[in-house]
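Keeping their order, the protein sequence lines are chains A and B. Numbering-wise, this note's numbering comes out as the position in the first sequence, counting from 1, plus 1470. Numbering-wise, this note's numbering comes out as the position in the second sequence, counting from 1, plus 1179.
None of these hints come from the bench; they were simulated from the model. Treat each hint with caution, since some may be false.
Unchecked claim - Among chain B residues calculated to face chain A with C-beta under 10 Å, some are:
1) Tyr1244
2) Ala1297
3) Glu1317
4) Pro1321
5) Leu1353
6) Pro1357
7) Thr1358
Cβ coordinates follow ideal geometry from the N, Cα and C atoms, glycine included.
Spelled out, the chains give:
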Amino acid sequence: MARISIDPVTRIEGHLRIDVEVDGGAVREAWASCTMWRGLETILRGRDAREGWVFAQRFCGVCTTVHAVASVRAVEDALQLEIPANAQFIRNLILIGHALHDHIVHFYHLSALDWVDITMIPKADPARAASLAEGFSQWPGNSRRELEAVQMKVNGLIGSGQLGIFSHGYWGHPAMRLSPEQNLILFAHYLQALEFQRKSCQVVGILGGKTPHIQNLAVGGVMNAINLNSIATFNMDRLGTLQSILQDLIPFVQQAYLADACMLSAAYPEWFHYGRGVTNYVSFPDLPTDAKATQFDLPGGVIMNGDLSSVKPIQNWRDRAVPSGVTEDVTHAWYQGKEPLPPWKGTTEPDYTDFHEDAKYTWVKAPRYNGHPMQVGPLANVLVGYGSGHALTRKWTDTAFTTISSMQGGTLTPEILQSTMGRYLARAIRSAMLSDLALQHWQLLTDNILKGDDTTYNPPNFPKHEILGMGMHEAPRGALSHWVVIEKGAFTNYQAVVPTTWNASPRDDKGIPGPYETSLISNPVVDATKPLEVLRTVHSFDPCMACACHTLDVSGREIARVKVL
Amino acid sequence: MSTSLADTGSGRALPRVSIVGLGNVLLGDDGFGPLVVEMFRSLYQCDASVEILDLGTPGLDLSPYLYDTDLLVIADAVRPQNEEPPGSLHVYCEDDLGSSQAQLRLTSHDPGVLESLAQLRLAGHAPSEVIVVGVIPESCDPGGGISVSVLKSCLIAVDTIVRLLTERAVQCSLRCTPTQKNLWWLSGSA
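Please work from the sequences and hints to get the whole structure.
Have a look at this one:
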């Protein structure tokens, strides 16, 4: 029995430590620990409820807009304040732009190198790679010339002997199995993705005034001035620019990203059998299509025990059947407290003890729904949509399945998505869906403005008595909720239950582990000193620890530390 | 108030310059970068080709903001090498980053800087020149505000940025009347 400790696992914000016990080439036990804390929720207490979002969007440097929007939605929920249709559409477009950005970065820049071996690229035949790529995708960036240029760059990098940021990869690992040509295609898109990452930021910038910290939100709507006759405001010119950026961005998502996720799926089919983990899922409804937020373009719901045939829908943001079942447990987290508490009554009092796997071992609380751990994220989103017969989800899931079948034969079912590779594929499917929805919501906004509606804001009125609110958002990493208690217009309590809290949850009072921990059981590990396979499963959740627990490190420069104990 | 990310397809006669503040404004002296760029914005007027950006702690999401710039100036908190007093200022060039001379502190936004630059270089869209104006922080505790020692260095950091720009023939002039500084995070809670 070998014990492996990997710290930190994320390539981005914050610090996740994973401990696994390996026996016979597979993981037998796993613990997920977040090693940093910064209690930002405490900073919000006493603040003006109209300004909460400005602080909330600094919870995390990566997921800025999602916290801003969840915060205003929570306050609007407490006030039962309706916002204008234009405000819904503008927020939706910002959220779509942000999500596409986030998913592109996750796939190419944060996790592709768990599967792609760049040291194989010099062996590739660019002509063969081009014809391979053109066989399953219309993407124009797959030409022989383009691929030759990328190969030259990689040859130069490897020839220099200075791999720089790529020197930490597990190159030559036996679990790397793509052909040289497949490695070349994926790495070419890794570089091209930088341009499209930029375009998705432009979407957020045009609507939000600034990125990464948007300026246009307000409790009650958005502050964008709409006037088709003024050049200084939001007008047809801006709408036209927005549309043309979306039209540039969408083909990359639907033709390159989704096709690459399919290629990875076909090349590593065994990864549809690892990483299943917790099979209870929750996804929040999002992208409302009316001012009152009664209709949504992304359905919400709950799935228990992986049973896709019985999705329990979450109708809208006022539907409290699911939120009322949410509690957070701190038995194994470094906080004071005894019983699991609903977020409105939640506390954030630290009680640090060092890592004790049988007692407290993480800064992440254990959220539970009716006492059960839940998995959140694009997979939950796609499964809820598929299970409830949502046409757009089915369209893109079926497109992906057909593409994979054409590459490796066999037929795929949504059941297999409940796996490590399924999480990668679901994220790509969701991105393809969001691309269609981007144009639809652009059209909704344009039509509404052309109809003569230029309202974007309904002013809030705060009562003196205590009010409670909850804001939902189906963020790139999954179901996000902000829970607020307001009195006389100021926060008296503020709790954020973020996607990574659900997924990186530790064991609870009953000893039931969270999704990361469960997903690692039976995960293969060929070489305990190079636990690439563990990273694949953990990275499939797109961990971002910053808002889950919070960060400040002085420990050193290593990208990752692996200790075999 | 829009960033050049909101401008598309414009001509590129002037060198594109980005003055970037990095750090989390809610974590005490980690907010040095955003504070310095806000002070610079308030005090100086620049060509339209100069972008002044408070980017927070974007990790790898930094790349889009550095894409195809000519000169990148980053203001940030850095990890002390020796027993240096808080508030000490250092100027680093790109070669210093990742070498023994400078180590950007491993907070949330690191390794974002080095990784973003390396990716962009490989893709052929990296900034031509990178300069970091770094301060040694006193405390990066949540809600702590900026320490006096770091605050004292902020104006010197602004002057340093002005000098760096002037040396490179990038126009920036002192405003007759400073614009309103937007330092919402330094206001106390109600």
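Self-check item: Status of the hint placing alanine 1297(B) at chain A (closest C-beta pair under 10 Å)
Solution: Holds - the Cβ of alanine 1297(B) comes within 10 Å of chain A, reaching about 4 Å at its closest.
Quiz item: Once the shortest beta carbon distance from proline 1321(B) to chain A is found, is it less than 10 Å?
Solution: holds (5 Å)
Exercise. Would you check whether glutamate 1317(B) satisfies its interface hint, that is, whether its CB is within less than 10 Å of any CB in chain A?
Key: This interface hint is violated because 13 Å lies over the 10 Å limit.
Practice problem: For the hint on proline 1357(B), just tell me whether its beta-carbon gets within less than 10 Å of chain A. | Solution: Violated: closest Cβ of chain A sits about 20 Å from proline 1357(B), beyond 10 Å.
Exercise. Using 10 Å as the Cβ threshold, decide whether leucine 1353(B) counts as touching chain A.
Key: Violated, about 24 Å.
Practice problem: Could you check if threonine 1358(B) really has its C-beta closer than 10 Å to a C-beta on chain A? | Solution: Nearest chain A Cβ about 15 Å off; hint violated.
Quiz item: Any CB of chain A closer than 10 Å to the CB of tyrosine 1244(B)?
Solution: holds (8 Å)
Of the numbered hints listed earlier, those contradicted by the structure are 3, 5, 6 and 7.
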